[in-house]
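Participant: Here is what each chain is made of, one letter per residue.
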Amino acid sequence: MSGFAWDPCEKCEKMMQPYLDRVLTEEERLEAEEHLAGCSYCRKRYRFEEEFRQFVRLAVSEPMPPGLKAKLAALRTPL
Amino acid sequence: MGETTPESSPRQLATEARDRVRFEEEALELSDQVYAVARRLTGSREEAEDLVQEAYARAFRAWRSFQPGTNLRAWLFRILTNLNIDRGRKIQRSPDTQPLEENDYFLYNRLEESSSGGDGTPDERKVVERLSQNEAVTALADLPHDFRDVVLLVDLADFTYSDAAQILDIPIGTVMSRLHRGRRMLKRSLAETAVEDGA
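Those protein sequences? They're chains A and B, same order as listed.
Numbering of the first sequence is given in the numbering used here, commencing with residue 77 and proceeding in unit increments.
Numbering of the second sequence is given in the numbering used here, commencing with residue 16 and proceeding in unit increments.
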């Protein structure tokens, strides 16, 4: 990748996080999608990022220990 | 806070009891999500359980200060994160002064470079499969707390930037910068271990 600010892949890379967080403006989103449609280099990296986020979320999720819900319910104000 | 006065009519009391029960039930429905974040804010399951119980005890006591129709989930998480700070999590030096010059594609690029024999680019899913679950947990635990809080709220609990800003009582721009930086730090440490393990 060249270092020029207008390098389309570089721009696409900058848009990746806000794109996946769905905070781009409509215009920016279309710009990103237009570039992604024709650029497999960026497309792979966007897909990887989505997979990566999903991976982290699953990797760090731990189910609530059994019994905790009952302990929390016991903290309710008695009627 | 509008305590019930002795003059309250039976009808008022009944309404209040009904509102309270509904509040408590809605709060309890969110307990899995609260626990999931609490678990990563703390170092152990026991600590997480204590923190969640403390948060619910406080929420149930303070239920009148919750405004019906506003975001109960954000309200609960605000209690949780405040308690976590109160319980004396270690105050850290202002975190991470080393530069993070990498851009957002670098983890994939690193994994791609180190993948077997250069026979074309690997499938994205296979690349992710090379990452280890334990490493992800460790990398997250090693993030400076201010950064970890934001990453947990947005990436694990699915809060918007603006909810995360309200929960943590910081400007939205700070949420964005901590989030982006926190994610990069996470990726950098995963890239390091994955490349070491898999090269």
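Hint data in this document are derived by calculation from the structure and do not stem from the laboratory.
Here a beta-carbon is modelled for each residue, glycine too, at the ideal position from N, C-alpha and C.
You may find that some hints are simply not true.
Straight line, CA to CA, 35 Å or less: simulated DSBU-like cross-link-like pairs of lysine-lysine [to be verified]:
#1 Lys-145/A - Lys-120/A
#2 Lys-120/A - Lys-141/B
#3 Lys-90/A - Lys-141/B
#4 Lys-141/B - Lys-147/A
#5 Lys-120/A - Lys-90/A
Output of the computed footprint for chain B on chain A, the stretches with three or more beta carbons under 8 Å from beta carbons of chain B [what the hints assert, rightly or not]:
#6 84-94
#7 103-113
#8 138-149
Participant: Hint by hint, say whether it matches the structure.
Facilitator: Here is how each hint holds up against the structure:
With a CA separation close to 41 Å, the supplied pair Lys-145/A and Lys-120/A exceeds the 35 Å bound. Of the supplied pair hints, the one linking Lys-120/A and Lys-141/B holds, its CA atoms being roughly 12 Å apart against a limit of 35 Å. Restraint check: the Cα-Cα separation between Lys-90/A and Lys-141/B comes to about 24 Å, which is no more than 35 Å; the hinted pair holds. A threshold of 35 Å between alpha carbons decides the hint, and for Lys-141/B with Lys-147/A the separation of about 41 Å lies outside it, so the pair is violated.
Of the pairs offered as hints, the one joining Lys-120/A and Lys-90/A holds, with about 15 Å between alpha carbons and a cut-off of 35 Å not exceeded. Given a C-beta distance limit of less than 8 Å, the hint that chain B covers the segment 84-94 of chain A holds, as 5 residues qualify and 3 suffice. Chain B is given as covering the segment 103-113 of chain A, and this is violated because 0 residues of the stretch bring a CB closer than 8 Å to a CB of that chain, at least three being needed. Counting residues of the segment 138-149 of chain A whose beta carbon lies closer than 8 Å to any beta carbon of chain B gives 9, which meets the minimum of three for the stated coverage.
Checked against the numbered hints given earlier, the structure breaks hints 1, 4 and 7 and satisfies all the rest.
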